[in-house]
Structure formats: C-alpha cells, structure tokens
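Peer 1: Take a look at the letters that make up each chain.
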Amino acid sequence: MNTTALAVPFKAEFDPNSQEFALSGVVRPRSADEIAAIISMLKGAIEEVRGVLYINVKRLVQMNNTAYHAFARVLLDSCRTRSDIRFVVVTSSVVGWTERMFAHLNRIEPQVTVEVYDSKFYPGQSFVENTSFIPILRTQTKMTWRHERAILPRHGLRPGMAMADICCGIGDFAMLARKEFQPARIVALDHSKASLAYARDVASGFGVTDIEYTYGDASEMLLEDNQFDFVTCRHSLQIFNQPDMLLKELFRICKPGGRVYITNEKNSHCLGEPRSQSIQWTYNEVARLFSHFEMDVELGPKSKRYLVDAGFDDILVESFMVTNLDGDPQDFADIIAAWENVYAGEMAVKRGDPPEFIERFRQGFRDHIFAALHPKGYAGWPIWAASGRKPL
Amino acid sequence: MHGAENHRTEAAYEPLLQFEMEMGAFLSDWNHCDQLSSFMARMISHNRTDPVRHSNFFSSALNELLEVSFRGGSPDGRIGCAVYRRGPTERVELTFPCPPGQRQFYGEAVAKTRDGDAHARYLDSIATDLAPSREAVLLDLSINFDADVRLGESDPPSITLVVDLPLEGVVR
Chain F
1 MNTTALAVPF KAEFDPNSQE FALSGVVRPR SADEIAAIIS MLKGAIEEVR GVLYINVKRL
61 VQMNNTAYHA FARVLLDSCR TRSDIRFVVV TSSVVGWTER MFAHLNRIEP QVTVEVYDSK
121 FYPGQSFVEN TSFIPILRTQ TKMTWRHERA ILPRHGLRPG MAMADICCGI GDFAMLARKE
181 FQPARIVALD HSKASLAYAR DVASGFGVTD IEYTYGDASE MLLEDNQFDF VTCRHSLQIF
241 NQPDMLLKEL FRICKPGGRV YITNEKNSHC LGEPRSQSIQ WTYNEVARLF SHFEMDVELG
301 PKSKRYLVDA GFDDILVESF MVTNLDGDPQ DFADIIAAWE NVYAGEMAVK RGDPPEFIER
361 FRQGFRDHIF AALHPKGYAG WPIWAASGRK PL
Chain H
1 MHGAENHRTE AAYEPLLQFE MEMGAFLSDW NHCDQLSSFM ARMISHNRTD PVRHSNFFSS
61 ALNELLEVSF RGGSPDGRIG CAVYRRGPTE RVELTFPCPP GQRQFYGEAV AKTRDGDAHA
121 RYLDSIATDL APSREAVLLD LSINFDADVR LGESDPPSIT LVVDLPLEGV VR
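First to last, the sequence lines map onto chains F and H.
Counting along the first sequence from 1, when you hit position 217 you're at 217 in my numbering, and nothing is skipped either side.
Counting along the second sequence from 1, when you hit position 126 you're at 126 in my numbering, and nothing is skipped either side.
Hints in this document: simulated from the structure, not taken from any laboratory.
Among these hints, one or two may not hold up.
[What the hints assert, rightly or not] Residues of chain F placed beyond 10 Å of chain H at every Cβ, according to the derived structure:
hint, residue
1, A32
2, A70
3, A72
[Stated by the list, open to error] Distance windows between CB atoms, simulated:
hint, chain 1, residue 1, chain 2, residue 2, range
4, H, A120, F, V116, 21 to 29 Å
5, H, L123, F, T209, 37 to 45 Å
6, F, V342, H, R150, 51 to 59 Å
7, F, Q227, H, H119, 45 to 53 Å
8, H, A12, F, P9, 51 to 59 Å
9, H, F105, F, R80, 53 to 61 Å
10, H, N31, F, R146, 16 to 24 Å
11, F, V88, H, E153, 21 to 29 Å
12, F, D33, H, F105, 22 to 30 Å
C-beta atoms are modelled at their ideal positions from N, C-alpha and C, and glycine is treated no differently.
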C-alpha cells in the first residue's frame, strides 16, 4: 500500500513492499514544522522496515538546507537507535547536487550509503546508447524525415511553438525540426551523454545556439509541468520496459491543449522482395529478441491504446513505410547492416543464442539488403506516427 | 527586472540580470526566495551547455542565499541581487539591509568557508544542528557548489555577499 502526503509542490510516499520512502518535487520549507507530516512518515517507515530502507530522491528537484537538515537528523538519529537497518539513498545522476549533499551522510554514519541511479535505467539501454550506433541513427533520421516533415503539420506542429524532443539521441531530428518549423523554443533531452556531446558538437558546427540540449531521464524529467505546445518522442517508447511511465511524463510537460507525438515500429512487419520468407522469419525473431530484453518493437499499432490510457484525446494515428525507393537504396542497406551488427552480433549473443540460430538470423538481414539493392527489389520498414492532445 | 549595470564587479564579469525590491515586500512572503531563484536561474541558464540542469543547480544555490537574507535581513531598505558571468562562473552579488553588528557575523561566517576545517565543520553541523545556521548554509555553498564566498563593499547597514559559482564545470 502506498501512502501519499502533501501533493504540491512536493510529495512523499512510502511503499512497505519495496521498503522504499520516495520524496519528490520542490521541498523548500521555511521551517521543519512545514514538513512535519513527511518527517513523521519517514519515522514511521523506519519503524516498520527490516534490514534496509531505500530513500528514493531521484525525483527530488529542489531541497533547501532546512529540509535537508530535518531529514538528515531523522536518518542519523535512527542510525544510533537502529543499528539493525541500513539506509540506501538513491539519487539521480541528473540532479547532481543530491548526490553531493547526501554523500555527506555516509561520512557521518556508514549505515547510510548513496547509490546513483543511472546505468540500469532500462534493460536495453546499453544497446541503444552504444556510440557505434550514431552514424546509422543519422541515416535513419534522414530517411524518416522525408515522411515526417509532411506528417508533423498534420499532427499540429506549427512555427513559433514551444517544442520538446524527448529521447533526442544525437539531436538530428531537433535540428531538422528547428529549421523546418522554427519553434520559439526547443528543448532536446536524452540520457546518453555521448549522444548529447555529438549533438552539441554538430549544432555548434552549424552555428546553432538555440537548441537546449539537456541530459535527463525521460521517465523523471526536471522539466516543469505544462511547458510545451508540442512534445515529440520518436522510436523510444518501444525500447523502454515501461512505456506508460514515459508517456505520463510526456503528458505532464505538455501544455493543456498541446500535443504529444510519438513514433514506433512493428518490426515483424519489415518486408522485402525477393527472399520475403527469410526476411519475415528474421524480423519475427527481432521482435522476440527485443521482448527478451523487455522492449516492445511491435508497439507501433498499439500507440492509440497507450495514448488513450495516458489520458490524451483527439488521437491521430497513421503509418508510413520507409523503403529502398526513398533516395539512395544504399542508405536503406546501411541501416539494415547496422541492425544486423547490433541485433545478431550483440543482442542475440548476449541472449546466448547458438551459432546456427545467429547465422539464420543474420541471413534474413542480408536478404533484406539484397532486396534493397536489387534493381527490381523492394524493401520496407514500417513506422507508426501517432499523437494525442492533452485535454484543456 | 532588467539588465544589470555593472558598478561593482571587475570588467571581465559580464552583467546578466539583476533585481531590486523593497526589503519589506521581499520579507512579506517566504515563497519569494523560491520564485526569484527559479526565475533568475531559468533566465541566466538558457545559453549554458545544459540549460535545464544548470538552472536547477543555480536555483539551489541562489535560493539558499535568498533564504539567508530572508532570515537575517531587516525590513527597512532594499534588497538587490545581480548576476554576472565570466567563463564557466556565475557571480551573485546579493545586497540586503541587516541589523547592526551583523557585518562581523557574516565576516566570520565567510572566513570559515575558507578554513582548512570547513568540511569537518560542515559535517558537524549536519550531525548536530537541529536546523541549519546561516554559517552552515554558506559552508554548503562552498562544499556542495564549489562556491567562492566573500563579503563585498556596501554601505551600512547593508551587507553584500559575493558568491562565485563555477557551475558550468560542475554540471557535466
């Protein structure tokens, strides 16, 4: 059972099942009396738990010294009276000062330790944040942009809007959107520092200074509520193990009346001619492989359901097919070759697949490339674009 | 709120933003500390490498300074806060009226941020104080925000805290 107190501007919850006390929001009281309820909740949690109490401050946006001292007081006093339990403070790498401030408690009482929640954010993170993927991400965006530049206005993107691109990767979509739609403000957030460094470098090279690239956790963003007219999140819900949690955040930062735009795939519907059967077998296996790592690359057609469940209305869904006929077929082939390297060369190996499976798995990608480059061939990669309006 | 006129800092610091208001009005609502620090942080951080995180860090530090002035200030006179920039560092100059004799208190508190035992003193404050003293807050800025804190020139009964915050380097 969760217990909740003081909804605005901060929130405290204690979950006895996970033995976790979570504190979020902005905690800037004038005196400790103003936070007496959550201090009391923390004391109650300490009395109730056995072994370890997790203090989750990942979503703690601000905390003044008055509140910090009040919390520290409870924890340090408890260390003296409850030598049987440990306190693990879980901070976020995004909010740097929390790690610094709470680390001091460990120097006073070793029973209090601090863990930075970062690399284990979601199961597939290590694959998608691999910097070797960067060149292919550029090619992918180049190919999808041919379609999306026409699709985005249908979903409500207009010049002069405040826009956020969440899970922006290497920032190329933000650059293209900025040029095409001239937003009044554009924030681009990602959890890969390497990708952001690349994005900033490219922007700097082009003399672009008005894209606010920021490091952040898309499921727990520092961005304030109701800020953006148009929020994009492309090819990302499908690689999070909890897409509903991500959508909740996208909903939160979107202005009432604004729209959230998402794109996702249904990998098993990738297709090609000739050699269609081999191609289809491999992409069915791609979906199973991602599922093993708690990612749903079949999410595209489920977009409407996710948007409805997240509270959006006026939902629009459409699909488009990126093909070898869009520009240079070699671009399409390069994307498939990169997929083969990551999916067959890394993910299948990590899953522990036998060599004969991996060889057959690779063959489907090679046949897809063959189809893409064949003078009479056709190769496709279907994508679903969907958006919903945050109710007024 | 308007662009700062740089009278007191050396030329190398570029003025970014400043506000000035009646101290009585400032003291009328505790939430002014939060509101002013959040607004100023957002304004001055927009062209930092990571504007969102820089703003979060800067707001934390500025809020603590404003809370110091709220707790230690007297209602007659005006409070002024100016922010300047040089390279990776923002300089905050906060001037506020305070009761007589406070200059010595702030002088000693600022000096303690530079002492060799500043860290031990800060840990001791966390471990023993029921509530943070203004001295502990300045130590917090020095230790957790890598701030350089000193007293600036000001006419009595006002006090000026000058705090250099190298946050662009801290927000990595």
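Peer 1: Now, for every hint given, state plainly whether the structure supports it.
Peer 2: A quick look at each hint next to the structure:
Its beta-carbon lying about 7 Å from the closest one in chain H, A32 (chain F) breaks the requirement of being farther than 10 Å from that chain. Distance check on A70 (chain F): its Cβ comes as close as 8 Å (rounded) to a Cβ of chain H, failing to clear the 10 Å threshold; non-interface status is violated. Non-interface call for A72 (chain F) relative to chain H: violated, since the shortest CB-CB distance, roughly 5 Å, does not exceed 10 Å. At roughly 25 Å, the beta carbons of A120 (chain H) and V116 (chain F) sit within the given window of 21 to 29 Å.
For the pair L123 (chain H) and T209 (chain F), the beta carbons lie near 41 Å from each other, so the given range of 37 to 45 Å is met. Remark: the range hint 51 to 59 Å for V342 (chain F) to R150 (chain H) is upheld by a beta-carbon distance near 53 Å. Take Q227 (chain F) and H119 (chain H): their Cβ atoms lie about 38 Å apart, and the range 45 to 53 Å is violated. Between A12 (chain H) and P9 (chain F) the Cβ separation comes to about 38 Å, which falls outside the hinted range of 51 to 59 Å.
For the pair F105 (chain H) and R80 (chain F), the supplied restraint of 53 to 61 Å is violated, since their beta-carbon distance comes to about 32 Å. N31 (chain H) and R146 (chain F) have their C-beta atoms about 50 Å apart, which leaves the hinted 16 to 24 Å range violated. In this structure, V88 (chain F) and E153 (chain H) break the distance hint of 21 to 29 Å, their C-beta atoms being roughly 47 Å apart. Between D33 (chain F) and F105 (chain H) the beta carbons are some 25 Å apart, a value that agrees with the proposed interval 22 to 30 Å.
Comparing the model with each numbered hint stated earlier shows that hints 1, 2, 3, 7, 8, 9, 10, 11 do not hold.
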